[in-house]
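*Asks:* Take a look at the letters that make up each chain.
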Amino acid sequence: MEWRHKDLLGLAELTKEEIELILDTASSFKEVSTREIKKVPALRGKSVVNLFYEPSTRTRVSFEIAAKRLSCDVINIIADTSSVRKGESLVDTGKNLEALKIDIIVLRHNSSGAAHLLARNVGVSVINAGDGWHEHPTQALLDIFTLKEKFGKIEGLNVTIVGDIAHSRVARSNIWGLTKLGAKVCVCAPKSLLPIEIERLGVEVFNDLDEALRDTDCVNVLRMQLERDEKTIFPSSLDYFKQYGITMERLKKLKRNILIMHPGPLNRGVEISSEVADGENSVILEQVTNGIAVRMAVLYLVTQARETIKNEAHH
Amino acid sequence: MRLIIRNSRVIDPLNNIDGIFDILIENGIISKISKEAKDRFDKVIDATNRITLPGLIDIHVHLREPGREDKETILSGTHAAAKGGITTILAMPNTDPPIDSVEKVRLVKEIIEKNAKIEVLISSAITLRREGKELVDMTRLKKEGIVAITDDGSSVDDPQLMRQAMLEAKKKNILVMLHCEDKSLSLKGVMNLGFISTCLGLRGIPKEAEFKRIERDLNLAKETDARIHITHISCKESVELIRKAKKEGLSLTCDTAPHYFSLTEEDLLDFDANKKVNPPLRTKEDVSAIKQAIREGVIDCIASDHAPHTEHEKEIEFENAEFGTIGLETELAVAITELIEPGIISWKELVRLFCVNPSYILGIEKRSLSPGKEANIIILDPQKEWIVKKEDFLSRSKNSAFLGKKLKGKVECTIYKGRIVFAQENEVYSNERVR
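Sequence order for the protein chains is A and B.
Plus 1146 on top of the position in the first sequence (first one is 1) and you've got my numbering.
Plus 241 on top of the position in the second sequence (first one is 1) and you've got my numbering.
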């Protein structure tokens, strides 16, 4: 199995084997972060630009640490402080970065499809760090990596994703990845937060949380994005917590232990209670740690692919 | 000047012709259609293995001039039309400023007079500045020669005003062309609402935005007896409503655009905004319904909705890109590829869709190859396969939904009023073919 893509845009377009290759590569990189000297020379002399058009601390920092542990140079561009404000287009910004001879652009953007747009206009690698409501592949990969660590395999697992599925790129990437690897995926949300025909992605749909959780091995709790100004009718935080909040009382009613995941940042008391978030079934911080290994794997694989493509072109 | 087109398959449904003939053109007029004409000529086009049709009519074209000459001009747009085999177009009035008064019609006429390579007919807005608030002066506009009114790009939301517009248009015998879209339903949508919009995380436009407005306008037309034409229908529900209204005897016509019978929402999986159109690309089921409606004659004609946009308005984030695709240079080939090749329609029916019916809809002279008529003729190679490429477009804009697609059938020569206004280099116009 060889990785052949210069970019990572989403999990929708990957095969089961390609996803497994990323997870395996991440496993071998995980150990690096436990060393005294947390660095390998795999990407020495390469440069990665974190091009972020949306506020994000954890994803950006995670990519930055991942790159640095591979000995890669990192440049951060946050949309507010760059020429983006002067009206430069995404494609122009990308072409300028390419002219600066960088190797990888890690793009976070509020428009669905932005990573696709950039990737087809530049020769450098593009890694999608979240585009609109579309995909957030590295988040899903680190979620799946964590699941695999805990359960040993993905096939046959029952995973429930709870929250604002309609506006969640994390949900979409998780659904693609998990279903390809053979997990059974349930989504649970009030009707107004479920996108149309979501069941066609091969998921079971629930409106009632207790029903959704009945047979689940893991619940992935999405962040309620309270900062949105959409026309969709959002329930109030308190109502949402009552109906969809993951609480100890709710978990105790279940006959078994289930794993608790959350992509962060947490809204304590909205989608999850503090007790659960900090409880013994929560792997929220392990997800953060695993994010580094997964992103190291992705940075490494896209670079390898680009060099393979380049070498083939020479021959 | 005597020009002869030798030995082509001539198809002309109005004269019930389909066979190999020579067409003689004298001083811009078709003088004779015969087998192996022996007359003397100044110029011969050898059109063996080619098909000759009357020049096509496209009743939905955005020429962008005046106002957005960076996207298209009357010169570049009509040149593109000629390349696509079109010899008459109806220009949409949503220019900047919009065509909503006699003065503006005169302004456009002047440019057409000077620059147009083919016939350009003019339509006016329904409401002043296309604001949906106040009707234009239909009496004066009609006298100035407009052939239709339309607020294309949007729909008149106020039903009272729309009723009034239809009553007025009925009185003046003006065609009302309708872009049916309820913006309170389409909102900020950028593609069809459904499974694919869910996958892509893009805001969807429900089909209701189209067919609910069609429903309203059909009722108003029933009430007012106005002659309406519904443009660019894209979905099954719209087809059904129109089928029913026609059965009930309403004097109504409609068109669809080539992208609605050849592309689906699944073509957006690459986020290519060149395929972002309004109404949006629908589902496979809708494409089948549109094709069937074409075959059954529920859809009267095909129009491109040629909508040029600059690259910097298209090669951007999908949600921010403009709606629309260019279509003049591909519409005939798409129809050949998607409708003739699979046997959905015949060549005669194609001519009805692109030529006979549009002339009937616009109330202009019927297009045929009868002797005595102006020579508006196209010669095409029905077997020629080609790939749609940016660099080959004559349109000033390159935003084609068909970029990279392989199409069958290519126009080699377009004759307007007896003059060759377009010819493929090294083919018809080369010394080998023209003597």
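No lab work stands behind these hints, which were simulated from the structure alone.
Among these hints, one or two may not hold up.
[Stated by the list, open to error] Calculated lysine to any residue pairs in the SDA-like style (CA-CA distance at most 20 Å, straight line): (1) 525/B / 1266/A; (2) 525/B / 1343/A; (3) 284/B / 659/B; (4) 1337/A / 435/B; (5) 525/B / 1346/A; (6) 630/B / 1401/A.
*Asks:* For a C-alpha distance cap of 20 Å, please report whether residue 1337/A and residue 435/B respect it.
*Replies:* Holds - the C-alpha atoms of residue 435/B and residue 1337/A are around 15 Å apart, at most 20 Å.
*Asks:* Would the hint linking residue 525/B and residue 1346/A be met if the CA-CA limit is 20 Å?
*Replies:* Status holds; Cα separation ~16 Å.
*Asks:* Given the proposed pairing of residue 284/B with residue 659/B, does the C-alpha separation stay at or below 20 Å?
*Replies:* holds (12 Å)
*Asks:* Is the straight-line distance between the alpha-carbon of residue 630/B and that of residue 1401/A 20 Å or less?
*Replies:* The given pair, whose Cα atoms are some 62 Å apart, is violated under the 20 Å limit.
*Asks:* Would you mind confirming whether the straight-line C-alpha gap from residue 525/B to residue 1266/A stays at or under 20 Å?
*Replies:* violated (27 Å)
*Asks:* Next pair to validate is residue 525/B with residue 1343/A; report whether the Cα-Cα distance is within 20 Å.
*Replies:* holds (16 Å)
The structure does not agree with the numbered hints 1, 6 stated previously, though it agrees with the rest.
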